[in-house]
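Colleague: Mind the numbering: the sequence shown is residues 32 to 352 in our numbering, read in order.
It is possible that some hints are incorrect.
To be verified - Cβ-Cβ distance ranges computed for the label pairs, FRET-style:
hint: 1; residue 1: V269; residue 2: D322; range: 40 to 48 Å
hint: 2; residue 1: L223; residue 2: R134; range: 39 to 47 Å
hint: 3; residue 1: E314; residue 2: L223; range: 42 to 50 Å
hint: 4; residue 1: G135; residue 2: K291; range: 18 to 26 Å
hint: 5; residue 1: S267; residue 2: E202; range: 57 to 65 Å
hint: 6; residue 1: Q330; residue 2: L223; range: 27 to 35 Å
As the list claims (entries may be wrong) - In silico DSBU-like cross-links for lysine-lysine, where the CA-CA straight-line distance does not exceed 30 Å:
hint: 7; residue 1: K321; residue 2: K251
hint: 8; residue 1: K124; residue 2: K315
hint: 9; residue 1: K315; residue 2: K291
hint: 10; residue 1: K291; residue 2: K199
hint: 11; residue 1: K315; residue 2: K329
hint: 12; residue 1: K321; residue 2: K291
hint: 13; residue 1: K251; residue 2: K291
hint: 14; residue 1: K342; residue 2: K199
hint: 15; residue 1: K329; residue 2: K199
hint: 16; residue 1: K321; residue 2: K342
hint: 17; residue 1: K329; residue 2: K342
hint: 18; residue 1: K342; residue 2: K315
What the hints contain is simulated information worked out from the structure, not anything from laboratory work.
Beta carbons are placed, not taken as given, at the ideal position from N, Cα and C, and that holds for glycine.
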Amino acid sequence: METRDMKSADGASGVRDVHDGVAMTEIPQGTVVLAATPIGNVGDASARLRVLLERADIVAAEDTRRLYDLANRLGVHVGGRVVANHDHNERAKADGLLDEVERGATVLVVSDAGMPTVNDPGVAIVRRAIERDLPVTCAPGPSAVLDALALSGLPTDRFCYEGFVPRKHNERVQRFRSLLGERRTMVFYETLHRIADTMDDLLDMFGPDRSMALCRELTKDYEQVRRGTIGEIRQSVVDDPPRGEIVLVIAGASEGEVMKAGEAAATVLSIDDLAALAIERAEKTDERIKDAIVEIIKQHPLPDGSLPNRKAVYAATLNRK
C-alpha cells in the first residue's frame with residue numbers, strides 16, 4: 032500500500048491511501064471526522080474507520096479505554112494523540128481541538144458505539160466547527176436506531192427518534208402522552224432495569240393494540256427482535272425479561288387516534304373548571320378533595336402532555352368552598 036497527497040473538490044488538502052493503484056480511503060486534513068463504531072459486532076467496522084484510527088492526528092474518544100479495546104479487536108494501532116471527549120468535558124475541549132483542525136490536523140471523533148452526536152458526545156465540537164467555519168465530515172456506519180427501525184417491520188418512510196425513555200414515571204407518562212397523536216414511527220432507547228415499568232406506562236398511554244417491536248443486543252450473538260402489539264410485548268417482558276441493550280420501535284397513531292388526541296388537546300379546561308370537577312367527584316365518591324384533584328388532572332392533561340398545576344386547582348377548590 033502507498034499513500035499520495037490529494038485535494039478534495041473544494042481544494043482542501045488530504046492524504047489518500049492507494050492499493051494497487053485504486054484509491055481506498057481519504058484522510059481529510061484540517062477536518063473534523065465523526066466516525067461510527069460498531070454497536071456490537073466488531074465485524075461491522077468499516078475499512079475507513081480502521082484507516083482513520085491509524086492515521087488521524089488526534090482521536091477524541093468518549094472512553095479512551097474502550098477506544099483502545101476496539102483498536103485491539105480490530106488489529107489496528109491508534110497512531111495519533113488520544114484525548115477523552117465525553118459529556119462532562121466536550122464543551123471545554125471543543126475549541127482546543129478545533130485550534131488543531133485550523134492548523135491542519137485531522138481530528139477523529141468517536142463514541143463508545145454507533146454514531147457520535149446521536150445520544151453521544153460530539154454535538155459541541157460540530158456546533159463550534161460550524162461557528163468557526165471549519166470543515167466537518169462523517170465516516171458513517173452502524174446505528175442502533177436505523178437497525179431497529181429496519182428490523183421492526185413498521186413504516187420507515189417517516190419516523191422520529193425520541194432518545195432514551197425518561198427515567199421517572201411522571202416524566203415517562205408526560206412524554207408518552209405528548210406523543211399520543213404522533214403519526215410517525217417512534218424509536219426509543221431503554222435499559223433492561225426500567226423496561227418493565229416502561230412497558231406498563233406504554234400500555235396505559237397507548238393501549239394494548241398499538242404495534243411495536245422490542246429489539247435487543249442488535250448485531251450481537253444473542254440479537255432478538257420481538258414483534259407484536261404493546262399488550263403482547265409487555266406480557267413477553269413479564270414472562271421472559273429481556274437482557275442487554277434495548278431499542279423500542281412503536282407504530283405511529285392511526286387516523287382515529289390522531290383525531291382523539293386532537294379533540295383532547297382542544298378541550299383544555301380552566302383551573303376553575305377542574306376545581307369544579309374535583310369537588311363534584313369528591314362528593315360522589317366520598318374521596319378526599321386532594322385525591323379527587325389528582326384523578327381529575329390525570330384525566331385532563333395539557334396539549335404538551337404535562338398536567339395542570341395541582342396546587343392551583345386545590346386553591347381554586349378552596350375559593351369555591
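Colleague: For every hint, state whether the structure bears it out.
Modeller: Going down the list of hints, with the structure as the test:
Range check, V269 to D322: Cβ separation about 29 Å, and the 40 to 48 Å hint is violated. The beta-carbon spacing between L223 and R134, approximately 45 Å, falls within the hinted interval of 39 to 47 Å. In this structure the supplied range 42 to 50 Å holds for E314 paired with L223, their Cβ-Cβ distance being about 45 Å. Against the hinted window of 18 to 26 Å, the Cβ-Cβ separation of G135 and K291 comes to about 58 Å, which falls outside the hint.
Separation of S267 from E202 is about 25 Å and departs from the stated range, judged on CB atoms against 57 to 65 Å. Checked against the given bound of 27 to 35 Å, the beta carbons of Q330 and L223, roughly 32 Å apart, stay inside it. A C-alpha spacing of about 50 Å is found between K321 and K251, which places the hinted pair above 30 Å, so the restraint is violated. Between K124 and K315 the CA atoms are separated by roughly 61 Å; this puts the pair beyond 30 Å, and the hint is violated.
Using a Cα cut-off of 30 Å, the hinted pair K315 and K291 holds, with the two alpha carbons roughly 27 Å apart. Of the pairs offered as hints, the one joining K291 and K199 holds, with about 26 Å between alpha carbons and a cut-off of 30 Å not exceeded. At roughly 18 Å between alpha-carbon atoms, K315 and K329 fall within 30 Å of each other, so this suggested pair holds. At roughly 28 Å between alpha-carbon atoms, K321 and K291 fall within 30 Å of each other, so this suggested pair holds.
Restraint check: the Cα-Cα separation between K251 and K291 comes to about 40 Å, which exceeds 30 Å; the hinted pair is violated. Proximity of K342 to K199 is assessed by CA-CA distance (about 21 Å); at most 30 Å being required, the pair is judged to hold. Of the pairs offered as hints, the one joining K329 and K199 holds, with about 16 Å between alpha carbons and a cut-off of 30 Å not exceeded. The hinted pair formed by K321 and K342 meets the criterion: a straight-line CA distance of about 10 Å does not exceed 30 Å.
Straight-line distance between C-alpha atoms of K329 and K342 comes to about 14 Å, which keeps the hinted pair within the 30 Å bound. Between K342 and K315 the CA atoms are separated by roughly 22 Å; this keeps the pair inside 30 Å, and the hint holds.
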